[in-house]
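**Q** Each chain, written out:
2 protein chains.
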Amino acid sequence: MKKLINDPLKVADELLEGLVEAYDGQCLKVGSRSIVKKEIAENKVALLVGGGSGHEPIYHGLVGTNFADGAACGDIFAAPSPDIVLEATQAVNRGRGVLYLYGNYAGDVMNFDIGAELAEEEGINVRTVLICDDVCSAPPTEKNARRGIAGLVPIVKMVGAASQHAQSLEQLEAAARKVVLHTRSVGVSMSPGSIPATGKPTFEIDEKLIGLGMGIHGEQGVCEIPMTTADELTPQMLDLIFRDFEEDTDVDNLVKGDEALLFVNSLGATTMMECLICLRKAKQCLVEHGISVYGTIVGPLVTCQEMSGISFSITKLDDELKGYWDPPCQSVCYTKL
Amino acid sequence: MKKLINDPLKVADELLEGLVEAYDGQCLKVGSRSIVKKEIAENKVALLVGGGSGHEPIYHGLVGTNFADGAACGDIFAAPSPDIVLEATQAVNRGRGVLYLYGNYAGDVMNFDIGAELAEEEGINVRTVLICDDVCSAPPTEKNARRGIAGLVPIVKMVGAASQHAQSLEQLEAAARKVVLHTRSVGVSMSPGSIPATGKPTFEIDEKLIGLGMGIHGEQGVCEIPMTTADELTPQMLDLIFRDFEEDTDVDNLVKGDEALLFVNSLGATTMMECLICLRKAKQCLVEHGISVYGTIVGPLVTCQEMSGISFSITKLDDELKGYWDPPCQSVCYTKL
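Protein sequence lines correspond, in order, to chains F and H.
The opening residue of the first sequence carries number 0 in numbering that gives the first Met the number 0; numbering runs sequentially from there.
The opening residue of the second sequence carries number 0 in numbering that gives the first Met the number 0; numbering runs sequentially from there.
Isolated chain F, as found in the complex (with noise of 0.2 Å):
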């Protein structure tokens, strides 16, 4: 795979500089490797997300306009130090805390957790709420194991414009956690992507086989069917979705009469003309289920590099949760109006 880089080292430094640029202005960039707004509120409860460089435009492009207030970097498909989260944490915080809200993988909450007692200690409070939206990674009687995949973006999209009138961190993090509750999501991976400082790929999977709740890096699913047709494929994951809210006691049913948000995901080289020929499909399962769709995303917002795959990502909405959706917003990685 040819890429477009300088040294593969620096990848990670050279396209933050780039989101920098992308951003006109709104975000600068803080300390050594995180990205944070330029105007924050004062008194306002703070948003920080974050994780390994490599899946952009998410998570350092989910910063914005009732977006999150910040995102510390990593590395590429590497959780950002201690010391970035710490600096990051330093440059949100209006003195009202600051709640973290990222993707559920060890590296990731061993380097947060450790910026956050680092944080602590100078005083910052600071709350976590993790982002474990797959459902194919565990059962729902141990859903707090689960991986965070791309229901990140309708999640932070959530978590931002709650951010924006909560009263107090404790309400934010209340919020966060029923938003998180609300989402999950189903993905497949039928290509890997390429590690940038090596070209080597993230894992494999047969020429013709989809690996059915794969992650994102190529973590373990469901099971490996054969490659099949987006209409056959689409109700197939779907159908785990609908069951894990069927299944999951902490949660009400997704039932008849039902509203929800419809996030179709392309890993990377999938096309978006194949995630709108299955958006078509999601939705036709939605309305036979008289779920109907309050809102749409669609597109390459969750990657890991030339990658092909796709998810979906379902939220089942209630008065507060549309609240929190119908705000605009405004990032590099998504934008409503």
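Some hints here could point you the wrong way.
Said to hold, decoys possible - Cβ pair distances, simulated, as ranges:
| hint | chain 1 | residue 1 | chain 2 | residue 2 | range |
| --- | --- | --- | --- | --- | --- |
| 1 | H | 226 | F | 121 | 39 to 49 Å |
| 2 | H | 326 | F | 37 | 18 to 28 Å |
| 3 | H | 163 | F | 321 | 54 to 64 Å |
| 4 | F | 225 | H | 252 | 23 to 33 Å |
| 5 | F | 116 | H | 40 | 56 to 66 Å |
| 6 | H | 167 | F | 8 | 52 to 62 Å |
| 7 | F | 40 | H | 327 | 16 to 26 Å |
| 8 | F | 245 | H | 238 | 55 to 65 Å |
| 9 | F | 40 | H | 256 | 52 to 62 Å |
| 10 | H | 93 | F | 138 | 53 to 63 Å |
Unchecked claim - Non-contacting residues of chain H with respect to chain F, defined by C-beta distances greater than 12 Å in every case (computed):
| hint | residue |
| --- | --- |
| 11 | 40 |
| 12 | 75 |
| 13 | 82 |
| 14 | 123 |
| 15 | 180 |
| 16 | 244 |
| 17 | 248 |
| 18 | 256 |
| 19 | 307 |
As the list claims (entries may be wrong) - Rough simulated footprint, nothing fancy, chain H against chain F, three-plus residues with beta-carbon under 8 Å:
| hint | segment |
| --- | --- |
| 20 | 54-64 |
| 21 | 226-233 |
Derived by calculation from the structure, the hints in this document are not laboratory data.
Note that beta-carbon positions come from the ideal geometry of N, C-alpha and C, so glycine has one too.
With chain F held as given, fit chain H onto it using these hints.
**A** Okay, now just chain H, sitting in the frame of chain F:
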């Protein structure tokens, strides 16, 4: 390449169905393969775009608020038929005429021209402005023969804004000609996309070469150069744009103190990471030339399936063009607050 599709011959129809869903009620499918805004103001001078499918999210993703009123969509890499153009024209017309704005490809020109004749027979006034921003496809003296490439995104955005207040079809045509004249692009190709119906590559290029100025389907460009770094390639590409502004006597040169839009497009599999690294270098080059970036677009918006490659588009601005850039716009392809 594994593709998540159904019947390869129904791809263009099915992706359009998905696109209508992605618009969340803003747009409707009209006739056999057009997409049109649900609400178009009475007496509005209409703007119609279009072209072959397979390049998602353009062109049919460019319909929306302060964007085009409709798009006529062809089959994969094929122009929309005259019938489709006519159906779209009828649907967007509000009695003040319709401007056709699309990329300069022979098949599109032929079919849109026939569509225009059919529309004129029904008493609908039509004018046409061709997008021909690819500086590598013909010298400045023959610039009307140039291909249309990624510059279409800022062009349609600006002409869409202009169309909201245009007093006549002639006024909108003049605005569009000005926007096109001030927008120039250069692209490179590194590896081909594939044709969904056959799985065959759209062109061939050596594993170690880059096609400088190569078109998005593999059309001839300036030359083939060895694969190189982002920081070496970016100035080479931008220099072709700077030189073009210099040599073209129909347009003022891009000089110190100017403001410009910068769009870094991925042709598909080229990652957002690479786009951001190139954007960073492009911004440095522009600053060295004393040109300030007034607005930025970045991402895989004009694609050719899983093709890898990148393009830069520059729009030289004045107060009139800034007025077309500033308004918010919303579509599936591109949204700006």
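**Q** Look at each hint and say if it fits the structure.
**A** Here is what the structure says about each hint:
Checked against the hint of 39 to 49 Å, the pair residue 226(H) and residue 121(F) passes, with Cβ atoms roughly 47 Å apart. The hint said 18 to 28 Å for the Cβ distance between residue 326(H) and residue 37(F), and at roughly 22 Å that hint holds. Against the hinted window of 54 to 64 Å, the Cβ-Cβ separation of residue 163(H) and residue 321(F) comes to about 29 Å, which falls outside the hint. For residue 225(F) and residue 252(H), the hinted distance range of 23 to 33 Å is not satisfied, since their beta carbons lie about 58 Å from each other.
The hint said 56 to 66 Å for the Cβ distance between residue 116(F) and residue 40(H), and at roughly 58 Å that hint holds. Remark: the range hint 52 to 62 Å for residue 167(H) to residue 8(F) is upheld by a beta-carbon distance near 57 Å. Range check, residue 40(F) to residue 327(H): Cβ separation about 22 Å, and the 16 to 26 Å hint holds. For the pair residue 245(F) and residue 238(H), the beta carbons lie near 60 Å from each other, so the given range of 55 to 65 Å is met.
Evaluation of the 52 to 62 Å hint for residue 40(F) and residue 256(H) yields a failure: the beta carbon distance comes to about 35 Å. Taken as a hint, the range 53 to 63 Å holds for the pair residue 93(H) and residue 138(F), whose Cβ atoms sit roughly 56 Å apart. Every Cβ of chain F is farther than 12 Å from the Cβ of residue 40(H); the closest lies at roughly 17 Å, confirming the non-interface assignment. Taking the minimum C-beta to C-beta distance to chain F, about 8 Å, the non-interface status of residue 75(H) is violated against the 12 Å cut.
Annotated as non-interface, residue 82(H) keeps its C-beta farther than 12 Å from every C-beta of chain F; the closest such distance is 23 Å. Residue-level check passed: residue 123(H) sits 30 Å from the nearest beta carbon of chain F, beyond 12 Å. Interface exclusion of residue 180(H) from chain F stands, the closest Cβ pair being 24 Å apart, more than 12 Å. With a closest Cβ-Cβ approach of about 21 Å to chain F, residue 244(H) is found to remain outside the 12 Å limit, as its non-interface label requires.
The Cβ of residue 248(H) sits about 32 Å from the closest Cβ of chain F, beyond the 12 Å cut-off, so the non-interface label holds. Look at residue 256(H): its CB is around 19 Å from the nearest CB on chain F, clear of 12 Å, so calling it non-interface holds up. Once the 12 Å rule is applied to beta carbons, residue 307(H) is inconsistent with being away from chain F; the minimum gap is 7 Å. With a threshold of 8 Å between beta carbons, the proposed coverage of the segment 54-64 of chain F by chain H holds, since 4 of its residues qualify and at least three are required.
Counting residues of the segment 226-233 of chain F whose CB falls under 8 Å from any CB of chain H gives 5; the rule of at least 3 is met.
Of the numbered hints listed earlier, those contradicted by the structure are 3, 4, 9, 12, 19.
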